[in-house]
Amino acid sequence: MTARLFEGADWDFHTLQRITDACEEVALKDLGLDVYPNQIEVITAEQMLDAYSSVGMPLFYKHWSFGKHFAFHEASYRKGLMGLAYEIVINSSPCISYLMEENTATMQTLVIAHAAFGHNHFFKNNYLFKQWTDADGILDYLDFAKNYVMQCEERYGRTEVERTLDAAHALMSHGIDRYPGKKKLDLRAEEKRAGRRRQHEEEVFNDLWRTVPAGKSKSRSTLSIERRRKLLGLPQENLLYFLEKSAPRLAPWQRELLRIVRHIAQYFYPQSQTKVMNEGTATYVHYRIMTKLHQQGRITDGNFLEFLGSHTNVVFQPEFDDPRFSGFNPYALGFAVMQDIERIVTNPEDEDREWFPDIAGRNDVMGVLRDVWANYRDESFIGQFLSPRLMRHFRMFHLHDDPEERAGIRVDAIHDERGFRRVRRELARQHDVGYIDANIEVVDVDLSGDRRLILHHHVIKGSQLNETDAKRVLQHLADLWTYDVALIEVDANDKVLREYVVSPRPIPAAVA
Amino acid sequence: MPIHIIDRRLNPGGKSLENRQRFLRRAKSLVQGAVKKTSQERDIKDVLEGGEVTIPLDGMHEPRFRREGGTRDMVLPGNKKFIEGDYLQRSGQGSAKDSGPGEGDSEDAFRFVLSRDEFVDLFLDDLELPDLAKRKIAQTESEGIQRAGYTTSGSPANISVSRTVKLALARRIALKRPRKEEIEELEAAIAACTDEDERTELIAQLEALKAKSKRIPFIDPLDIRYRRFETVPRPVAQAVMFCLMDVSGSMSEHMKDLAKRFYMLLYVFLKRRYKHVEIVFIRHTDRAEEVDEQTFFYGPASGGTLVSSALQAMHEIVRERFNPSDWNIYAAQASDGDNSYSDGELTGLLLTDKILPVCQFFAYLEVGESGGSAFDLSDSSLWTLYERLRNSGAPLSMRKVSERSEIFPVFHDLFQRRETAQEKAAP
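Those protein sequence lines, which keep their order, are chains A and B. Once you know that position 67 of the first sequence is 66 in numbering that gives the first Met the number 0, the rest is easy, because the numbers rise by one and skip nothing. Once you know that position 181 of the second sequence is 180 in numbering that gives the first Met the number 0, the rest is easy, because the numbers rise by one and skip nothing.
Source of the hints: derived by calculation from the structure; they are not laboratory data. Some hints could be false.
Stated by the list, open to error - For each label pair, taking beta carbons as the anchor points, the in silico distance ranges come out as:
id: 1; chain 1: A; residue 1: Asn362; chain 2: B; residue 2: Val112; range: 52 to 62 Å
id: 2; chain 1: B; residue 1: Glu292; chain 2: A; residue 2: Gln16; range: 40 to 50 Å
id: 3; chain 1: A; residue 1: Glu200; chain 2: B; residue 2: Val112; range: 43 to 53 Å
Said to hold, decoys possible - Calculated cross-link-like contacts (lysine-lysine; reagent style PhoX-like; alpha-carbon spacing at most 25 Å):
id: 4; chain 1: B; residue 1: Lys259; chain 2: A; residue 2: Lys145
id: 5; chain 1: B; residue 1: Lys399; chain 2: B; residue 2: Lys35
id: 6; chain 1: B; residue 1: Lys165; chain 2: B; residue 2: Lys179
id: 7; chain 1: B; residue 1: Lys14; chain 2: B; residue 2: Lys27
id: 8; chain 1: B; residue 1: Lys35; chain 2: B; residue 2: Lys255
id: 9; chain 1: B; residue 1: Lys175; chain 2: B; residue 2: Lys165
id: 10; chain 1: B; residue 1: Lys255; chain 2: B; residue 2: Lys399
id: 11; chain 1: A; residue 1: Lys78; chain 2: B; residue 2: Lys399
id: 12; chain 1: A; residue 1: Lys61; chain 2: B; residue 2: Lys27
id: 13; chain 1: A; residue 1: Lys61; chain 2: A; residue 2: Lys191
id: 14; chain 1: B; residue 1: Lys211; chain 2: B; residue 2: Lys35
id: 15; chain 1: A; residue 1: Lys28; chain 2: A; residue 2: Lys61
id: 16; chain 1: B; residue 1: Lys165; chain 2: B; residue 2: Lys259
id: 17; chain 1: B; residue 1: Lys179; chain 2: B; residue 2: Lys213
id: 18; chain 1: B; residue 1: Lys213; chain 2: A; residue 2: Lys78
id: 19; chain 1: A; residue 1: Lys61; chain 2: B; residue 2: Lys14
id: 20; chain 1: A; residue 1: Lys78; chain 2: B; residue 2: Lys36
id: 21; chain 1: A; residue 1: Lys78; chain 2: B; residue 2: Lys14
id: 22; chain 1: B; residue 1: Lys255; chain 2: B; residue 2: Lys36
What the hints assert, rightly or not - Partial list, computed: chain B residues near chain A (C-beta under 10 Å):
id: 23; residue: Asn18
id: 24; residue: Met59
id: 25; residue: Val112
Note that the coordinates shown come from a computational prediction; the quantities given were computed from them, not determined experimentally. Just so you know, even glycine gets a beta-carbon here, dropped at the ideal spot from N, CA and C.
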């Protein structure tokens, strides 16, 4: 029998080292995981709150909104309205996991198994993360961003920088490339590029150019609409990218700020698409590792029960009429599907053979799971692997709420033979970011006329933008564009539902 | 695979402080409004403890494109009795599928905790002593000198003997320099010694000791320390605040409480905002005495009322200690307004001739019974007198207070930052 990793609840740094080694052994040998090197950091509650307010990142540029979030979290934490996470993990290489110092030894084991191996493997292997994020470069890039913002504040004034960042943040969710095609971001090169550009500007600066009389501007009215749209790369749904490249009056540093915000949004894009899978993977991995450690006798029965207590809390799924219900719990759903896959692979029933002919009875659990983890995102994962058995287990049903319908909300499908596929399709769609975010794109710019920027919002299922917020965001957009901005909401038949026009605010020398 | 385990707990905290300050700066007017509102309901001591404020989130929005309305589809867990084709009522318990509390617009009011410093700073932010005019005089004064520890170089006049000797002693002990007694003892032993061999040995020892004590000097240049001095700028403006409080028998507990609150606030304000403000506490019945702050705020006293006695005391203190050509002089007086009739004339004379000419600002706070409205009673003798003076152009500010909650607004009102004519002229 192997020696116990720890006794009781206390731990020190040697304990952490032993725990990590033990987890690593199980993770690499038994589960065949492939992870980035680990870096484990122990932090206090206050530091955890710090991390919360800067989207979990260890270093970030300064902005008032982070202070707002900090104050908000702190207030609710102090009152006991909110517990803090046991850990935060960062998709970087080395993969950094933050552990709270309050955790007991059992919790540290759980958290190390969960974050340092579960999440870590997912970050390293999932295709979305491979495609969109640069784990090697992110920390350096954040450092660069922080310094760059600071330098801009020194050179151009804090209010100016804040104005640009406010506007960029408002558009952050629309600063993402959704389709691959461009080369993967190389954040280290980004950093160098920004530096070179600045240096070049300084070297070639010659004030005389300003005084050289320009020739008569050529009339461009002959440019056909098609040609013009093509030149501007329209339609473009990455609003920040479009502004960075085409906004007529932005200073170079402002474009760089937009670029920074855009890159960071892009970095987080895979995470929003893989919440269920990411948490499911981590939960499945910690469950496997903890069970194994218990079997090996490395943790006591008492500690294992403590683990089971926390684990059960984490994967608890309240039912829809429970006051605690707030949608599907990604931990619960993800973990349940992973476990179900394990069952299908090792011990399938006839129904499973019919629904999942590819994997049923293949007996190679980890092989199947590793393949799933690498090649799916939430939407396709649920669409592919949610089994009828699991739908029955959760007693899922699909509601269709049409405001026009007088009779009320219709139960469209339930967990029965007729409903399985429809329920599954709907649940998958609920996890599709393409559906969750409003579909807004730049369609045209009247460059020869008043330079009005025209955006379309393609309304899906009659769900229009919230007016107050839309106006606020458009105000920010107009301030960056510096000319009028029009947003037109059109439905699937190109019928115009609503039109917003916003003019830029004057540059606020006076707006104190 | 190497695993790094790092203890970050020792990292300096307050990483978010900068962001927090930015947030507060941005939300300043909102927070300030909230602070004032909160402080009306509190004890002064509590005000100074900081605390939680609630601000509307309006100016602090981080807008995003959000969609709402339209047809909605959702998949939910926990079906108990529904079958396909059922209809659920929209606003019944049966359709408790609306977004739970805590989603959507739950953020419309925002509570958070301000630290003590933040709270008081915001509370006092737009206050200042009016007409701090005599700056120029103070600025011409030379810089002062202040002791600031020791240094290894300096002028011989500044050698600190005690520090030098102390260091020398430490060094001698550390290097084991032979003490004088040791050598004397050895010499005595040599003198007493008869055996030739032993004697030679002892002499050798003595030589060694002597050589050692020569090598390790009694005082080494290394030991020498000089007193260090630093120049400190003199205050840019010197000001003194006289707090004159009536503690006579006619003041009820409630009135005294109001007056003390006012002074407490004044005290905090001056201590926090002005480094170089002197505060003089004078309390009076029919006699006036200068007291320390402890007595002023907490000491009991009672008796008749002669306001002139306090003014006389203030006048004397000014003459003795605060030359009006160098000092900005302020006074705040609190009283219930009762004064003996015979004293009115003297009070008026003192004010017009002695006090007001040297004062930058004179605030008079009349405290009244709780619930007493200003309309019920005719103006007090002191109020009538001061009003007359003010109408003839004296720099007097007068306010009446009868409720605790009025203290903060009145205080703000008295010390509100006023734009001077010059500042107004500037764009």
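Hint check results:
In this structure the hint that Asn362/A and Val112/B lie 52 to 62 Å apart at CB holds, the actual value being about 57 Å. For Glu292/B and Gln16/A, the Cβ-Cβ distance of about 58 Å falls outside the hinted range of 40 to 50 Å, so the restraint is violated. Roughly 45 Å separates the CB atoms of Glu200/A and Val112/B, a value that falls within the hinted 43 to 53 Å. Distance check on the hinted pair: Lys259/B and Lys145/A sit about 50 Å apart at the alpha-carbon level, beyond 25 Å; violated.
Of the pairs offered as hints, the one joining Lys399/B and Lys35/B holds, with about 19 Å between alpha carbons and a cut-off of 25 Å not exceeded. Of the pairs offered as hints, the one joining Lys165/B and Lys179/B holds, with about 18 Å between alpha carbons and a cut-off of 25 Å not exceeded. Only pairs whose Cα atoms come within 25 Å are accepted, and Lys14/B paired with Lys27/B is accepted, the gap being roughly 21 Å. For the given pair, Lys35/B sits about 23 Å from Lys255/B by alpha-carbon distance, which is consistent with the 25 Å threshold.
About 15 Å separates the Cα atoms of Lys175/B and Lys165/B, which keeps this hinted pair within 25 Å; it holds. This hinted pair checks out: Lys255/B and Lys399/B have alpha carbons roughly 14 Å apart, not beyond 25 Å. Between Lys78/A and Lys399/B, the direct Cα distance comes to roughly 40 Å. Violation of the 25 Å bound is thereby established for this hinted pair. Taking the CA atoms of Lys61/A and Lys27/B, the gap is about 18 Å. The hint holds against a cut of 25 Å.
A distance of roughly 22 Å separates the Cα atoms of Lys61/A and Lys191/A; the hinted pair therefore holds under the 25 Å criterion. Taking the CA atoms of Lys211/B and Lys35/B, the gap is near 75 Å; set against the 25 Å cutoff, the hint is violated. Of the pairs offered as hints, the one joining Lys28/A and Lys61/A is violated, with about 43 Å between alpha carbons and a cut-off of 25 Å exceeded. Taking the CA atoms of Lys165/B and Lys259/B, the gap is near 51 Å; set against the 25 Å cutoff, the hint is violated.
Of the pairs offered as hints, the one joining Lys179/B and Lys213/B holds, with about 12 Å between alpha carbons and a cut-off of 25 Å not exceeded. With a C-alpha separation of about 71 Å, the suggested pair Lys213/B and Lys78/A falls outside the 25 Å cut-off, and the hint is violated. Between Lys61/A and Lys14/B the CA atoms are separated by roughly 10 Å; this keeps the pair inside 25 Å, and the hint holds. This hinted pair checks out: Lys78/A and Lys36/B have alpha carbons roughly 22 Å apart, not beyond 25 Å.
Between Lys78/A and Lys14/B the alpha-carbon distance is near 21 Å, which keeps this suggested pair within the 25 Å criterion. Taken as a hint, the Lys255/B and Lys36/B pair is honoured in the structure, with Cα atoms around 24 Å apart against an allowance of 25 Å. Checking Asn18/B against chain A: minimum C-beta separation of about 3 Å stays under 10 Å; hint holds. The beta carbon of Met59/B is positioned within 10 Å of a beta carbon in chain A (closest approach about 6 Å), and the interface hint is therefore held.
Below 10 Å, beta-carbon pairs count as interface contacts, and Val112/B has one with chain A at about 6 Å; its hint therefore holds.
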